[in-house]
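Undergrad: Take the sequences, apply the hints, and build the full model.
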Amino acid sequence: MNQQIESLPVLPIKNSVLFPGLLMPLTAGRPTSIAAIDAALASEDKELLIITQRDTAVESPGAEDLYNIGSKAVVKRMMRRQDGAVNLIVQGVERVVLIKIEQTEPYIRARVRLAPVPEETNTEIEAMRRAILELSTRAIQLAQPNAPIEVTQMLAENEEPLQLTYLIGSVLGLPVEKEQGLLEAPSRLDALRLLHSYLLHELQVLELRNQINTQAQGEMERQQREYLLRQQLRAIQEELGETSPEQADAELMRKQMDEAQLPEEVRKEAERELARMEKLPQASPDYHVIRTYLEIILELPWAKTTEDNLDLSHARQVLDEDHFDLKDVKERILEHLGVLKLNPTANAPILCFVGPPGVGKTSLGQSIARSLGRKFERLALGGMHDEAELRGHRRTYIGAMPGRIIQAIRRAESNNPVLMLDEVDKLGRDFRGDPAAALLEVLDPAQNYTFRDNYLDLPFNLSKVFFITTANSLDTIPQPLLDRMEMLRLSGYSAEEKVEIARRYLIPRQLKESGLTDQQFILTDEALNHVIGRYTREAGVRQLERAIGSLTRRVALRFAEGDTTPVTVRLEDLAEMLGPERFSFELARKQLPAGVATGLAWTETGGDVLYIEATLLPSGRGLTLTGHLGEVMQESAKAAQSFIWAHAEQMGIDPNVVRRSGVHIHVPAGAIPKDGPSAGITMATALASIYTNMPVRSDTAMTGEITLTGLVLPIGGVKEKVLAARRAGVRRAILPKENQKDLRELPDNVRAEMEFIFAERVEDVLAAAIPDLAQRLTMPKAA
Amino acid sequence: MSLFFISNEAGAAMAWRPSADIYRTPDGWVVKMELAGVRPEDINVLTSGSELFVSGVRRDRSVEEGWSHYSMEITYNRFERTIELPCNLDRASVSVEHHEGLLLVRVVLNQEEEQT
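Those sequence lines, one after another, are chains W and S.
Each number in our numbering corresponds to the 1-based position in the first sequence with 409 added.
Each number in our numbering corresponds to the 1-based position in the second sequence with 591 added.
I should point out that these hints are in silico values taken from the structure, not numbers from a laboratory.
Here are the computed distance ranges between Cβ atoms for each label pair:
#1 Arg650(S) to His610(W): 41 to 49 Å
#2 Gly657(S) to Lys423(W): 27 to 35 Å
#3 Gln553(W) to Gly657(S): 45 to 53 Å
#4 Glu568(W) to Phe644(S): 15 to 23 Å
#5 Val506(W) to Asn635(S): 23 to 31 Å
#6 Asp612(S) to Glu528(W): 30 to 38 Å
#7 Arg630(S) to Pro584(W): 42 to 50 Å
#8 Tyr614(S) to Ser606(W): 46 to 54 Å
#9 Arg650(S) to Ser606(W): 41 to 49 Å
#10 Asn701(S) to Ser606(W): 53 to 61 Å
#11 Pro515(W) to Arg650(S): 19 to 27 Å
#12 Arg630(S) to Ile508(W): 29 to 37 Å
#13 Asp612(S) to Ile508(W): 38 to 46 Å
Even glycine gets a Cβ: it sits at the ideal position worked out from N, Cα and C.
TA: Structure (structure tokens):
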């Protein structure tokens, strides 16, 4: 059979190789292919040559486009299709070598030589066969884990090694070049080796693919497993009667709610919210909004009240310990304590402390809380201009919080703290609303038992809260707000009071701050007075405390450096320790020219002495006013002028002077704004003095409002004004008659030192201030 | 992609298998094989031990000038069939006859053999 030469029609195929012994279905469409098939079928044996094309792109291949080795095949089945193509099943019979192409038209015909692979059997071939069987079994398992076991059995039964090689080679899906290589293998052993190497490579690829698949699958499975386990955990927890985190949370809240003694309305609302919360997953943002809300509700002291300390003598002692004097305020506090003793449900008062900075308003609030045994909370209102800051934002806004009032109550942890609203006169106001208006509700005992914060949206009873507001001046406080508060004035301190305060409170406090004892630091009275007079100018004691602080620090430094001898600070040491004197007294002018009168003014930092100057103008008419005067003060000046003109004759003023010359009033210092009616009589005095050309007494200062008919009306700030006069060295003061009662505010020594004239009418003032005029003024009265 | 074909008989992968009926007869066996269109001279019948070996080739001779296949289901070219019978064929008499496209192989066992 060997070396047989045959002539066969050629059917070139693409993308695969036909091995001897194997079946292959084919579809032929090319005319040359169909012609070749026809030729083969026309023969008795139905034989043709199946040979693989090198390049699949070539449509009508020539000899050079075909591999050299192919398979002789028999057509087993054949069927023509409607479109002219031919389906056939061929079976490879024998390997052949193409010797020569005999013709290419109408089909390729070639002369071939049969070239079967030589038969041989040895142990190496058998070993290779088994190795291949093993590898292919693994490959099948990897590629197709569910493949029936019969497939591998079928392979094993195939004892002919070459058939096995062809069979496995054809199912691996190898590239055409490799399949062709397998067909062209010169011996069985070569074919087996080749297949072995292909199988190894194929196996590696399969294993890698499997690994990737397994990894991806593993990742997916892990997530799925976690989810399943969580679900199971939940189910188990439910089965065991345990609860999920959300439920545990809700459970805890419910427990706290039972303990919190909430009012009925609050409790209902809280339970409604809690029910909503339970339905939400913990990851939902709403969950936390509701949670925060409930937490705040639970933290608020709906029913928590601290017990008041009703021991009056204790309260008095605490108040006296912390603050010097301030009799009115202390009395008012004690009164309230007395009321509480008789009627425990009494509404707390709403006080307003008005006074210059540094007089102890804030610390007084603290000691009130201490004397009553209540919690103290402070709320700075200065600069607040948004109503929502006081009353909170509605819960619909992100990050909404309750207002400052409710937050202060929450901090206080009791519903009856002393709540200090600091700087109520410095509330702002803009388009976002008026916080002062919100305060109206808070500070009205008739309304504040149902105070509704926007965030809470529940009524909270504020009627037990002891409200104290503080202000430096009442001018900027809206009238309705002012109405609701009980005003208590804390006026400035006199020098003697300051000495007392310094001795009792400031020096001990500063010594403690600096770590000194009272033996190590001694401040002489003389030096202390000098510090008060020359280094500070204030109604309160803040600057004074700072000055004392810098003295004690100086001494502390000396001690720290090793010099441990006690230090006594004397008057002459002050210049070195505190620097040059910062203020000099505005001392009373020794002699006043005609047209100048001494007035007294009230400022936020205490009182002051000011000189009002008037002069006649050689020409022109009317009144010129300078010195940055406010409207009220200007009107007051006009009233004074009209009064003097109207009574010119009585005072012996030349009518021609009044008719011909204008008058100018100036109030120094020109840059400081001034207002108010209390300089009325001073201006009248200055005018009377310039018109009559009689000087005013230089030791006399005056204050009081004037009317057109010459009445003298009362003014405020008597204490500060008198103290300022005394500080300046003036020892005689003219005050409105109705202010006589205010003198009891003054320390006894001041009252004793000063001479007071109480005036009902301007004539009284003029008589007391201008000695030369007194004669003329008393005459009509006598007549 | 190749479609593989696995023959029952190793080494005979390339040939087709004619169908066969096997009869038990009073004096031995008859094997009837469907071999239509095969000339008697193209058939070889061999025996070896208990095996009956039939092989040959079917050639398509009934084609006239101008015909061409429209479809084809009859398999041509080489065929092979080995049939194992439960007796020793070497001592039996084997005769072959053709009848209407069927090959009949008669196996008559001699008396001794049957007794044993």
